[in-house]
Structure formats: C-alpha cells, structure tokens
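Protein sequence lines, in the order shown, are assigned to chains H, C and S. Taking this note's numbering, I'd label the letters of the first sequence as residues 758 to 1122. Taking this note's numbering, I'd label the letters of the second sequence as residues 91 to 454. Taking this note's numbering, I'd label the letters of the third sequence as residues 420 to 711.
It should be emphasised that the hints constitute simulated quantities derived from the structure, not laboratory data. You may find that some hints are simply not true.
To be verified - Label pairs and their in silico Cβ distance ranges:
(1) C:Asp255 x S:Leu533: 49 to 57 Å
(2) S:Pro436 x C:Pro150: 30 to 38 Å
(3) H:Gly899 x S:Arg528: 28 to 36 Å
(4) C:Ala309 x S:Thr699: 31 to 39 Å
(5) H:Lys1014 x S:Asn610: 50 to 58 Å
(6) H:Asp777 x S:Thr699: 43 to 51 Å
(7) C:Lys159 x S:Trp521: 52 to 60 Å
(8) C:Gly437 x S:Thr699: 47 to 55 Å
(9) S:Ser573 x C:Asn329: 15 to 23 Å
Where is the CB? At the ideal position from N, CA and C, for every residue including glycine.
The residues making up each chain are set out below.
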Amino acid sequence: MSTESKEVMVEVRRVTKTFDKFTAVSDVSLEIRAGEFITLLGPSGCGKTTLLRMISGFETPTEGQIFIAGQDVTHDPPYRRDANQVFQSYALFPHMTVKENIGFGLRMKKVPKNEAQERVRDAIAMVSLGGMEERKPSQLSGGQRQRVALARAIVCRPKVLLLDEPLSALDAKLRHSMQVELKHLQQKLGITFVFVTHDQEEALTMSDRIAVINKGKIEQLGDAGAIYHQPKTTFVANFIGQANILEGEVVSRAGRKVTIRLEGGPDVTLMADDLPDDAKTAMISVRPEKILIRKEREESDNVFEAEIAEEIFKGATDQLMLKTPGGLELWAVVANESARQATVHKGDKVFCHLHFDDIVVVQGT
Amino acid sequence: MNRRLFGLIFLLGIVFGCKDKPAPTAASASPGPSGSGAPTAEKPKPGKELNLFAWSEYVPQEVVDGFSKETGIKVNYETYASNEEMLSKLLAGGTNYDLIQPSEYVIEALVKQKKLAPIDWSLVPNFKNIDPKLKGLPHDPENKFSVPWMTGTVGIVVNTDKIKDPIKGYKDVFQKKYKGRIVSLNDSREMVAWALEASGLKSNDITTENLAKVKPMLAEWVKLVKVFDSDSPKTAFLNGDVDIGVVWSGEAALLYQNNKKFAYILPEEGAHLFIDSLAIPDSAPNKVGAMMFMDYILKPEVSKLISEKFPYTNPNLEARKLLTPEQLANPASYPPAGERETFRDIGKISSEVDKLVTDLKASN
Amino acid sequence: MTPTAGLPDTQGAQRAPGLRGWLLMAPLLAWLGAFVVAPTLIMLVYSFCDRDELGQVVFTFSWSNYARVFDPTYLKILLKSVYYAAITTAICLVVGYPVAYWVGRAPERVRNKLLALIMIPFWTSFLIRTYAWMTILKSEGPLNSLLLYLGMISTPLDILYTPTAVVIGLVYSYLPFMILPIYGSVEKLDNALVEAAFDLGAGPVRAFSNVIAPLTRPGIVAGVMLVFIPAIGMFAITDLMGGARVPMIGNVIQNQFGQARDWPFGAALGMTVLLLFAATFWLTTKKDPSAT
Chain H
758 MSTESKEVMV EVRRVTKTFD KFTAVSDVSL EIRAGEFITL LGPSGCGKTT
808 LLRMISGFET PTEGQIFIAG QDVTHDPPYR RDANQVFQSY ALFPHMTVKE
858 NIGFGLRMKK VPKNEAQERV RDAIAMVSLG GMEERKPSQL SGGQRQRVAL
908 ARAIVCRPKV LLLDEPLSAL DAKLRHSMQV ELKHLQQKLG ITFVFVTHDQ
958 EEALTMSDRI AVINKGKIEQ LGDAGAIYHQ PKTTFVANFI GQANILEGEV
1008 VSRAGRKVTI RLEGGPDVTL MADDLPDDAK TAMISVRPEK ILIRKEREES
1058 DNVFEAEIAE EIFKGATDQL MLKTPGGLEL WAVVANESAR QATVHKGDKV
1108 FCHLHFDDIV VVQGT
Chain C
91 MNRRLFGLIF LLGIVFGCKD KPAPTAASAS PGPSGSGAPT AEKPKPGKEL
141 NLFAWSEYVP QEVVDGFSKE TGIKVNYETY ASNEEMLSKL LAGGTNYDLI
191 QPSEYVIEAL VKQKKLAPID WSLVPNFKNI DPKLKGLPHD PENKFSVPWM
241 TGTVGIVVNT DKIKDPIKGY KDVFQKKYKG RIVSLNDSRE MVAWALEASG
291 LKSNDITTEN LAKVKPMLAE WVKLVKVFDS DSPKTAFLNG DVDIGVVWSG
341 EAALLYQNNK KFAYILPEEG AHLFIDSLAI PDSAPNKVGA MMFMDYILKP
391 EVSKLISEKF PYTNPNLEAR KLLTPEQLAN PASYPPAGER ETFRDIGKIS
441 SEVDKLVTDL KASN
Chain S
420 MTPTAGLPDT QGAQRAPGLR GWLLMAPLLA WLGAFVVAPT LIMLVYSFCD
470 RDELGQVVFT FSWSNYARVF DPTYLKILLK SVYYAAITTA ICLVVGYPVA
520 YWVGRAPERV RNKLLALIMI PFWTSFLIRT YAWMTILKSE GPLNSLLLYL
570 GMISTPLDIL YTPTAVVIGL VYSYLPFMIL PIYGSVEKLD NALVEAAFDL
620 GAGPVRAFSN VIAPLTRPGI VAGVMLVFIP AIGMFAITDL MGGARVPMIG
670 NVIQNQFGQA RDWPFGAALG MTVLLLFAAT FWLTTKKDPS AT
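Next comes chain H alone, as it looks inside the complex (with noise of 0.2 Å):
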C-alpha cells in the first residue's frame, strides 16, 4: 500500500514546453504526493520523459512553473535542485570506480569525508553491489551498472528521485526481478518516485498511482486499479492492458442505467457516471477477461448468444473471437484451467455474461 499523505512534494502547475514549433508538453499541471510512487505512463514521443526533465531542471518550461517541496525552481539549474535522476543509459563516470560514482553528489555537496564514506556504504548494501566498489563501469554488468545509477542517486537522499526508463534495457527476466526490488526500496526509504516508462504492465506492478501521457496531456490519473478497470478514454482503455472498444445508441436511461444497443450487437445495460444527459451515442470499453464465457445461460447483469470464430492458443490463456448473430466481433480471454476440463471451442456456440461494473463509458476515437 502507498505510503501517501497529503503533502505535496511536486506540483507541476499549467505547463507547456514547445520545441521550435513543436509542441511537447501542453498545460499540464499535476501534484505528486510526498512518499509515492507515481509513474508517467505514455507511448514513444508522449511528452513524458521532457516532463520529467522539466522536473529534474534540464529543460526549462516554455509556460508555467515548477515547485518542489514548496520552492518554485522553475527556472533554477539542476546542480540546485533537491531532485535526483536515473538516467536511461545510467550515465556512469566511466572513469571514475563504482565507489566514486556513488560518491560523487557527496563530494559536490562537500559531506565531511566520515560520513560520505558511511553513506556510500549504506546505499551499496541497498543495492546489493557489496564486492564491486573498486571495479569500474566498464566492468559491470547491465543489471550492475542500472543499481550504481540507482546508489548514486539515493545515496544523496533528495526528495524526489526522478527514473527515465532505468529498466528498458534490461532482459524481461531481470526486469521483472527488479520491478519488485525498487518498489521495495522506495518503499523502505519513503522517498518520492517519479517513474517514467512505456511499459503498462511495469507500470501497473510498481506504481501507487499512474499518469497516462498523450500528445502532451495526461488522459487520465489515479491509482493502477481504477486506471485499469475505469479507463475514461480509448486511449486510455487500448493502452492499458487489451479492450474491446465498442459504439452504440443510447436506448434508454434511468438514473445511472443506461442500455445500449450496440452496432450488430445485444442491448447492454450498464451503470454510466459521465454520459452526458442528451448523448445519443456512446462508446464503451469492456476487457475481454471480463467475458464470462458458459456453455449454458447463467444469471447475470448481461447476457447475450455468440459464435467462437477464432480461437488463439497462449500458454496460460486462450484468445477466442466472438461472434454475435447480429454481426459484432468481440475479443474475449479465458484462463487454460486445466488439460483436462471441457473447455469451449472454434465453432462452439456459448452465452457471455457481463457485469454491469465490467462495461465502461470511454471518451476519444
């Protein structure tokens, strides 16, 4: 569980960086609460990593300011910051050792010599790299030379340590391993994260709360959950794990119920916050675990007849298309339980079943 409390640690208010005529970043405000781990989430060329840079103080916003721990150092250069940064290459000092690397935000802040050396034997134990002190980057490994970033930035103790995709060049084994290891270590030395990556399943392992990033703007902030199961835009929705983004008419509402009918499809009844009072049409975002796929009718907020016309084989899973008499395709998955169970093929006609909470209004294309 987040570590959160109120206090605002970053607040990032009503920012715009455009590059010549190019636009990265548009009026973007947002508050990071001391102790969290939040992660700025967003395909290739988003704005996420010029936001965070915008943070750590190497880029300077065309509009707005930044604040950190109350102080606006908007236009203050990073060497005066309290913030920290692991860079996605690690940026090593290739001649310096492991020890001196560490030790170098000490040696530029002038920490008596006792202490510093306390402290870079504090933050190596951290990151497990006992043995390597004298070695040189050169010398190290991918996994070894992302924890001595990873050190160097700790052991200055900021107050907020900003990550730039530390882990993308690592292999998915390690990187899931490591996953688990900063979560920890945040966790352990309640020190705020800002985590960026174009990774949703890393994101969705690590963070308390995650901004998704498109074109320069946050679609959408909150904690993994409700990201994941109430995406408000398609974007949102396609990004974050797999949906099925569908449209329809609104049929008819009472109070939050609202039925749809959708395009070729069943009517579907669900529970809407953010429909408009006159919309007419709607989209709606369903996650294809969601399905709930029976040989026989069950009881459920919907219910509706398809065709399986596909059937994809994943190891853990089986991907099914489905298909309604009326002509909608639909994405559905389901868990390979066991070898030896019925399970439901090409060919099989089955009934789906619903929830109402399982279906999503979403905004956007």
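Model the placement of chains C and S on the given structure of chain H, informed by the hints.
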C-alpha cells in the same frame, strides 16, 4: 626484423651513393663521326635542358625566356638566397646543375676543390664586353672559370625624410637613437665584415682573435636592429618599419628608383665589392648549353634587361652604353670608383662566424 | 542510447594484424621507412662526423658535435624555443578548447559548417598566411590604422618584428591542430554524463574539472603534442614575423645546413631535438596509456 634490415641497407645505400659523384667528361656533346671523309670542325651540340641555379631576385624571366626561344633549350631555373645554401645543395648532389651563380669567395673555394669546369672561351666570344678591371681578380686570376654577372657593393641606405643627420659610416648607422629603426642583412659573414672594417681591420682578416675583438661592438649593433633580411630588405623601408640600414646595392638602387629620399652611402670605414658570376660545376650535364647561356647574357641588349630589373653595377661595358642617363646616375648602381676588397674564402672558420652572430642574437 | 555509450572500448584493439593487415599497411610502412626512418638514420650517422674546408661531410667518429650542443649558447636557444612552444601551446589550449567544445556540442547541421570555417584558412599556403599577418601588423598596416582611427593609440603599435608577433604567428598557425583533436574527443562525449554531473550537484566549473576535462583528455593530449612539438622546431615564423632577431633552435639548425656549412653539427642538433620529442611523447603517454 625484416623492416630494420631493409632500413639499414637503404640507409647505407644512400650514404655511400651520395659520397662521390663520378665526374662526367667535359663537352658532353657527341664527337664528329670518324672516318667520314674530310673532318669538319663541328660545333658541339648542347643538351635539351639547362639547369640554372641562381640567386632569387637576380635573373629576369625575359632573359630566361629569350634564351629558350633563341636556342630551343628548356631552362629550369631554381633559386637560393645565400651562397652557403647554394653550396650545400650543390655538394649534396641531387639535381645536376649546369650553371651556378656564386659570389667571388665561393668561386675561390670551389676552384680550390676543383669543382668547376673550365670555360671554352671559343663558345663565349662576348666575354670581350666585360670591364677589364673585373678580369684577373684573386678568385679567378686566369679567368678560367667564371663570367661576371653583376657586381655591387654593400652599403648604407637612409630615408632622408626621416633622418636628417649626416650618415657617413657603420658607426653612424648603429647608434642608440636609431634603435628599432634599422634593417640589416641576415648574413653573419657580412655583419662581421662591417664590424671588422669599422674597427680598422681588414674584412677578410677573420681569425678567432679578431672575432673576439669585434664581439662587443657587434653585440651592441645586434640589439639595435629591427629586422634581419637578406631576401628583400627594401620591403622594410617601403613599409615604413625602418628608416636606415645596411643592404645590397641593388636593393638600394630599387629604393632610389622608387623615391629619391632613399639615399645610398658607401661607409667611409671601408666597403667591399662583391662580384656574382656564372660558373659551370664540374658535374654539369649540359656544359655546352651553359656556355651558350653565358654568351647570351653577355650580349649588350640582354645584359641591359638584367640591369633594368636588378640595378646592380653592370660589368658589361657595351651594355652600359645602352643604359639611360638616369640609370647611370643612380648612386647605388654606379657609386664613385674606388679600390675595394672582395671577400676571400675563409674555410672552416665560417662556423665560428655563424656561432658568434647566433650567440649575439640569442642573448637579446 | 545504449547503456554502454560513453565507456571506452578495451576489447578490439589488442589483436595483432593478420597478413591482410600487413599488406594494407605496406605502402605506408615503405613511405615511412624511406622518408622518415632512413633520413633519421642518415642524420644519426652525420651527427658523429666532421666537416671539411668546403663544408662537406667527412666520415670520422667524434662526439665533438654533441659536446657543442651543450654549449650555453645553444642550450639557451633550445630552452627559448621550448619556452615559446610552451606559451604557444598554452594559448592554443585556452583559446582552442572553448571553440572545440562549442563546435562539438553544436547541432549537427551547424557543426560541419563551423568545422569548415576552421579548416578553410588552413587550405591556403602557410607562407601566404604568414605574409598576410605581416601586412596586417606592420606600422602602416590595417591594425595600426584602425586603432589610430579609433583614437585608441596615438603612435603605431610596435608589434611586427617582436616576440609578440612571433607568438601571434605561431598560435594562428597551430590553432587548428589544437581544435580538431579536442573536437574529436568532445564529440564522443556523451551529453548524458554532463547532465548527470549537473544533476548530482556539480555546477559548470566542477562539471568541467571532474567530468568533461578527464574524459576529453585524449583530445587535449593529442592537441598539445600536435602543437608543442612542431612549434619547437619552427623557424619560418621567427624569420618572417620576428625579423630574424631571435634565433630559435630551428633557425640554428637551418643555418648549419646553410650559412655555417656545418652539416654534422646541424645533424647533432637535430638528433638532440628529436630525443627531446621522444622524451616528451614517452612521458605523456606513460601517464595515461589509453591516450595513445
């Protein structure tokens, strides 16, 4: 290992190859065919190319071109800025020069070392045009090896617009009040000669004792000089960087032609005469061509061209008849007559001379 | 940007070249052998010889030439040459490093144009450039005229034919040799390293001394070598811009092969200077093997 062996062999080859060049026979022309009836006195044929090695600023291009046009011989004109440079390159081998243009003391040394080929005067009939006073001089007493090109003196040039005091000799030039406004030839032998003359000694009397005697005076002189230039000392005058100096008479003559404010004065302590002559090295491949060139430049109208460009003292009396009164009135070109010494060969002591002046320059 | 960017490559350079490597190098080796190694060996042989009356080389064996090298006159000149070379190198470094850094970090499309601007004067003849400077600096030249016109001086500055002019000439001639190697090092410098230094609290000055300078050291060393060593032997600039007033070791050597007609002594001086170069080179590369 292979490379080192190769290098060593290469080196030895060069070193021993350069030591002695076998002297080719004189008159490399083809002799007349034997047994062809009545033997005709055939004029020896010259080679197709002539390698001329002469001072820079001394041989007009029209003279070279004119010779090529008349004889069909291609002339390769290479230059040097000092006798010693010429000597070094000549003795090093490499290009086989057909004609060199040494000053008198160098001819003396070359004759001693038997490095010059005697001239066949039948091929150089125009030699009769040369001033008899310039024949039979110490460096070539029997007139066997050289044809005078130009003679001149080394003397004082004064910008009379800037300097109004009377200047009569070296001591007047090298005064503290002219510090930084003086140009001197960049020639250690010359400077030592001036110091010797200013001290009442003979300019050829170069011994270790005499060098020590003139050292203090030279030391003072060196401190006062702004520029040392043997190539083109007139430039410093024309740029306004100096007002007085000791230079070649030809440079002085050009300055006088440019503006009569540049007066030329022969130092009263003593001035020496230099004679630059054409001579043929022993190793010349085209001796006949060389002699043809000598005869060519002895023609009065050709010699006149040389005087026009480089107004030194023309040794060719017939050519002088063709010069304008203005040219003859140039005090640098035709100074008042007088007994003047020429430089003699001094041999090994030239290193001491060089060292002395280098040392004095470096102590500044 | 890979994680290995910015780290020195220690792997590939250690293997010895195979047959193909030797064949490719053969023309260069032959050239070096004929025009560098052989002449140097000839000079070595001459340095132990003597001269005759006419100035030709006499093949004997004697140390007398080397003894003369240590004569105070020549030692003084050698030291002076080293001194001028050192000043030139220092000025070139101070002037050249910022230029090289600025060009190295300029956006790519501008970089090549800037490099061309630095290189183009280089394509004109060295002698012409030197004469151009003489024209600029002389009493009636454009520099003095401009300063007089602006009223900044009342009499023309006496620059030409002084040591100042010599240093100007030397710096101008050798500046590209300093800029280009440093530029090479700067270009390879990963910008992220500079950012990391800033991020960790180093201001521009300390980022330079702790990170940028050590990592561009190969370029600096190369630049220093390329300026210092040739500058010691330079003689044309002292003759032209210095009015031949202050002899450098290059002038002395030139004289031995010219006016003084003492080739063996000139060879001995040359060998001494060569040894000086070798010592400098060895000292510098010993301290940092990765600089070669």
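CB of S:Pro436 to CB of C:Pro150, is that within 30 to 38 Å? Since S:Pro436 and C:Pro150 have Cβ atoms about 56 Å apart, the given range 30 to 38 Å is violated.
If I claimed the Cβ atoms of S:Ser573 and C:Asn329 lie 15 to 23 Å apart, would that claim hold in this structure? Because 20 Å falls inside the window, the suggested range holds.
Holds or violated: 50 to 58 Å for the Cβ distance of H:Lys1014 and S:Asn610? holds, 57 Å
Just tell me: holds or violated, for the beta carbon distance of C:Ala309 and S:Thr699 against 31 to 39 Å? About 33 Å separates the Cβ atoms of C:Ala309 and S:Thr699, which means 31 to 39 Å holds.
Take a look at whether the Cβ-Cβ distance between H:Gly899 and S:Arg528 falls inside 28 to 36 Å. holds, 33 Å
Quick one: are C:Asp255 and S:Leu533 within 49 to 57 Å, going by C-beta? Cβ of C:Asp255 to Cβ of S:Leu533: about 56 Å, so the range 49 to 57 Å holds.
Whether the CB-CB distance between H:Asp777 and S:Thr699 falls inside 43 to 51 Å: holds, 48 Å
Between C:Gly437 and S:Thr699, does the beta-carbon spacing fit 47 to 55 Å? violated, 38 Å
Against the range 52 to 60 Å, how does the distance between the Cβ atoms of C:Lys159 and S:Trp521 compare: consistent or not? holds, 58 Å
Of the numbered hints stated above, those contradicted by the structure are hints 2, 8, listed in ascending order.
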